[in-house]
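For chain A, the structure is supplied; the task is to place chain B with the ligand on it using the hints.
Protein chains in written order, with the numbering used here: chain A, 1 to 133; chain B, 1001 to 1391.
Calculated directly from the structure, the hints in this document are not laboratory data. For clarity, every value in this text was computed on a predicted model and none was experimentally measured.
Chain A is nowhere near these chain B residues, computed Cβ spacing over 10 Å in every case:
1. Ala1271
2. Ala1313
3. Leu1326
Which bits of chain A does chain B cover? Going by a derived footprint, with three or more residues having C-beta under 8 Å, they are:
4. 6-13
5. 89-97
Every residue gets a Cβ at the ideal spot worked out from N, C-alpha and C, and that includes glycine.
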Amino acid sequence: MTVPVIHRDTATEVFFDSTARGELLIRHCADCGAHAAPQSGACPVCQNPVTAWAAAAGTGTVVAWTAVHGRPGDGAPASEAVSALIELTEGPWLYAPLRNLGPGERPWTGMSVVVAFERPEGGEAIPVFRPTV
Amino acid sequence: MTTDTARGPVIAGLGITETGKVYGRSAADFAADAVRRAADDAGLTLSDIDGLLTSSGVMPGVGLSLQTELGLRDLRLLSEMQAYGSTAGGMVQYAAMAVRAGMAEAVACVFADAPLKEKTSAGALYSGAGLGTSGWMGLTAAAGMISATPQYAVAARRHMDTYGTTSEQLAHIAVAQRAWAGMNPRAQFHDPITVEDHQASRLIAEPLHLLDCCLVSNGGVAVIVTTAERAAHLRKPPVHLLGWAQAHPGYPMNRDSDLGLVSGAAQAGPAALKMAGVTIEDVDVAELYDCYTFTVLLTLEDYGFCAKGEGGAFAASGALAPGGSLPVNTGGGQLSSYYLWGMTPLSEAVIQARGEAGERQVSRHDVVLVSGNGGCFAHHSTLVLSPHARA
Ligand SMILES: [Zn+2]
Chain A
1 MTVPVIHRDT ATEVFFDSTA RGELLIRHCA DCGAHAAPQS GACPVCQNPV TAWAAAAGTG
61 TVVAWTAVHG RPGDGAPASE AVSALIELTE GPWLYAPLRN LGPGERPWTG MSVVVAFERP
121 EGGEAIPVFR PTV
Chain B
1001 MTTDTARGPV IAGLGITETG KVYGRSAADF AADAVRRAAD DAGLTLSDID GLLTSSGVMP
1061 GVGLSLQTEL GLRDLRLLSE MQAYGSTAGG MVQYAAMAVR AGMAEAVACV FADAPLKEKT
1121 SAGALYSGAG LGTSGWMGLT AAAGMISATP QYAVAARRHM DTYGTTSEQL AHIAVAQRAW
1181 AGMNPRAQFH DPITVEDHQA SRLIAEPLHL LDCCLVSNGG VAVIVTTAER AAHLRKPPVH
1241 LLGWAQAHPG YPMNRDSDLG LVSGAAQAGP AALKMAGVTI EDVDVAELYD CYTFTVLLTL
1301 EDYGFCAKGE GGAFAASGAL APGGSLPVNT GGGQLSSYYL WGMTPLSEAV IQARGEAGER
1361 QVSRHDVVLV SGNGGCFAHH STLVLSPHAR A
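Only chain A is shown next, with the shape it has when bound in the complex (with noise of 0.2 Å):
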């Protein structure tokens, strides 16, 4: 399983520059000091708008998941790709891809998650995140 080819566009050259260099970036406003999701254009306690990036410490755990499968090929398994809606350490929500769980393996809620990056071929880096060991 991999991630699909996703593009930049104006709105996100400053995140996927920092995902290419393995950062995770949410916003952060400068009036209350609360962080946000990375796509939020205003802070979620004051509503200022937010232009100002912070670095996410990486660490998070699941809110909820799910498992999207894929119709069954000629004798091939049907694919089974677990997703995740991930609470950041900082507070921002983001959904994300679950890494490194085995056949059949599912998360929980609570579970805690660290980032990684992953870059397909002519692609921007997605964050996905895997269970903290």
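Here is chain B with the ligand on its own, set in the frame of chain A:
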């Protein structure tokens, strides 16, 4: 009639096109067909229509050009609207306010879509719909959120982990609605299903099985909103719009979010019931937006038909099925009849309120509650309908 009750808004016409696997027609064609049928149902001519609100689904084309398509002259109200699955309810709300204010006399509200193509799987049509491969949307898609289904799956999982809700409890919603669909000639699926059938159906995005998901349909539905005064002289008994509300939670992407736990129904439901002057105990039948079984479960809790966290047990009690204490989605809903976004629950609500549902007609239909839901619980609309004007 006092001026207030005379200008009270009603639904006077309902038009439903052929629905389901109907190929070779555009969404705009279904929309025009639906408006003509609704006008005819009401006993109006197209020249009586002086307002038009339109809404597209996956396929574009149900917009302002529908005026030209229908040859409508001198409209006093015209707009294309979009709040996803809550749009149908929203269109009726704006039309109601327009006729009550005297801005227009007869407003057609129409939705149509034509995503189904011959020899293409229904799942492929909605997979990736609206999701690009660039920017933030691309990042969400790369995370595995490739359609609405995995997002609802995550929401359902959160409810399960918080309240102990089970897949078997969700199955009871699908089973009950299929039982209703068996009595609806328009339904795409008629054969009864069991909880075991649901559990055996293939997993799409855990915990959601195939039978937790709505079907995909081509077709269109329109309603005509006018005043009680005008409707008194029309062909069909009016369905009064007693109350309405919307709620758009704006869930933050952080630890304060209620995603999967509480939806906009918790705000819009009580507000609409209060406007109608009734309580949740007065509701005789509920037509609830059911893109997934879980959507029904959360809406039942948030409207207050059961306590928070007890939606699963409520559904498993058999309450929603024919003969149960709360008839829900009496036409089979989006899971089993036809998937025309918010028009699916609204159309069945009008049919039940009028007493025109035939074999599946519920005996008590004085208060009919209708929900619309769009995005992943991002947008909600509520309508309270009745065959009677407010007392
Ligand atoms: Zn702030």
